[in-house]
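Engineer: Each chain is listed here by its residues.
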Amino acid sequence: MAIRVQAEDFDVGAELAALSDGNPSIGGVASFVGLVRDMSKGDGSGDSVSAMTLEHYPGMTERQLAAIEAEARTRWPLDGVLIIHRYGRLLPGDRIVLAACASAHRAAAFEACWFLMDWLKTKAPFWKQEETPAGARWVAAKEEDDQAAERWYKRAP
Amino acid sequence: MAIRVQAEDFDVGAELAALSDGNPSIGGVASFVGLVRDMSKGDGSGDSVSAMTLEHYPGMTERQLAAIEAEARTRWPLDGVLIIHRYGRLLPGDRIVLAACASAHRAAAFEACWFLMDWLKTKAPFWKQEETPAGARWVAAKEEDDQAAERWYKRAP
Amino acid sequence: MRILYFAWLRAKIGTAEEEVAPPAGVATTGDLITWLQSRGPNYADALANRAVVKVAVNQDYVSMDHPVAPGDEVALFPPVTGG
Amino acid sequence: MRILYFAWLRAKIGTAEEEVAPPAGVATTGDLITWLQSRGPNYADALANRAVVKVAVNQDYVSMDHPVAPGDEVALFPPVTGG
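Sequences listed follow chains A, B, C and D, in order.
So the first sequence is residues 871 to 1027, counted in this note's numbering.
So the second sequence is residues 871 to 1027, counted in this note's numbering.
So the third sequence is residues 359 to 441, counted in this note's numbering.
So the fourth sequence is residues 359 to 441, counted in this note's numbering.
Next up, chain A with everything else stripped away, as it sits in the complex:
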């Protein structure tokens, strides 16, 4: 179980190395690093984002991320799973999230990592507020994220 919710940045190279360290039956590690974009997404306004604050629900966040990890381990043969998600104020280009899956098989690693991202996008209790020239605004949930999460239900184990 490797779930971390923290304000601090993380060292992607060290985290990925630790995930496979000491287990030479691992064939590969698939990962995703999510970054703060300077453009708002989806609403077409194109207003630049100077910073972003991530609020979360301490306790429930860890609980939901652990449930998502457990679900991934049920669905795929994984030797290691890691989810790190930051909260607090972040600047464009800053790392927000790292999801990584180690497996003997690359298809399992890729699928499971993608699943982690899709599910945490719709289930982990985080909320983004962007700072723009027009003031602060809450990011709206995206229909495409719901659809991305939904497709995994159709492929239940």
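What the hints contain is simulated information worked out from the structure, not anything from laboratory work.
Some hints could be false.
Per label pair, the in silico range of CB-to-CB distance [said to hold, decoys possible]:
hint, chain 1, residue 1, chain 2, residue 2, range
1, B, Arg874, C, Gly388, 41 to 51 Å
2, B, Asp891, C, Pro381, 35 to 45 Å
3, A, Ala977, C, Arg397, 48 to 58 Å
4, C, Pro399, B, Arg1021, 50 to 60 Å
Ideal Cβ placement from N, Cα and C applies to all residues, glycine included.
On the provided structure of chain A, position chains B, C and D as indicated by the hints.
Structural biologist: Frame of chain A; chains B, C and D shown alone:
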């Protein structure tokens, strides 16, 4: 164009950071790190592998990897692509390959990275020879790798 | 019963957390929201569109007909936008 | 014409690289392999099963009916196993 074929190890964290550095329109970076496994794959023998030597075809390797990168850029909206592949003698747990794709959209980053791995597995001129207690043996190509590469033809742009 | 609010629900209601003692008829999360809406224009406004209100009881997502009881931690928040 | 061999093809043939001057009738990669097979038992053995012989001309994959010409770099190798 970021293709590197080298004997030396690479720093995953530094490479991934460099891929998105200075471009805050990138929403995420999907990556895959392939590692040397200590077990032979697929033939059921289970002989342990004490080391592996990767031979390649200098010149054609770079040319094929560049073609695979170009194909990925045609198919997906990517802000950065990186492929590093090692050759020479490697030990179990050593990194063999890093493929990474940066994009505004995580689905594009995941798909393109998976595509890079599937295509390079069947197109990049590398050959693995394993050292086992029973002697050295060439790794056989796997039918499942061919199938993994084939599926991308059905989804041509 | 402890109620937590997050993101724009917190901002509109004007508090992050409060202890409430709803009347006896409040048996479900749906009842609870209806009762909260009666507590003032800030609540009424924030909770007007239930399609964008998610509910968790004791840190698990639940539907609008989930039972609530004294001692529960109930959280109300908009659809999540992390990742 | 320069011929390169890799992996177990190289090991079986016993050389990594050679310059050859095939006779005039050798017009395609298929012809070239047939001619190479006649050069000795090591070639005959290594090239016996064409289903597992990949061919590149000037560093691009080609089929068995691809033309070959003096000055070409022709590589013969088994299915690749990198990644």
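Engineer: Each hint: holds or not?
Structural biologist: Taking the hints in turn, this is what the structure says about them:
Hint check: B/Arg874 to C/Gly388, Cβ distance near 58 Å, so the stated range 41 to 51 Å is violated. The hint said 35 to 45 Å for the Cβ distance between B/Asp891 and C/Pro381, and at roughly 58 Å that hint is violated. Judged by the Cβ atoms, the range 48 to 58 Å given for A/Ala977 and C/Arg397 holds: they are separated by roughly 52 Å. For the pair C/Pro399 and B/Arg1021, the beta carbons lie near 56 Å from each other, so the given range of 50 to 60 Å is met.
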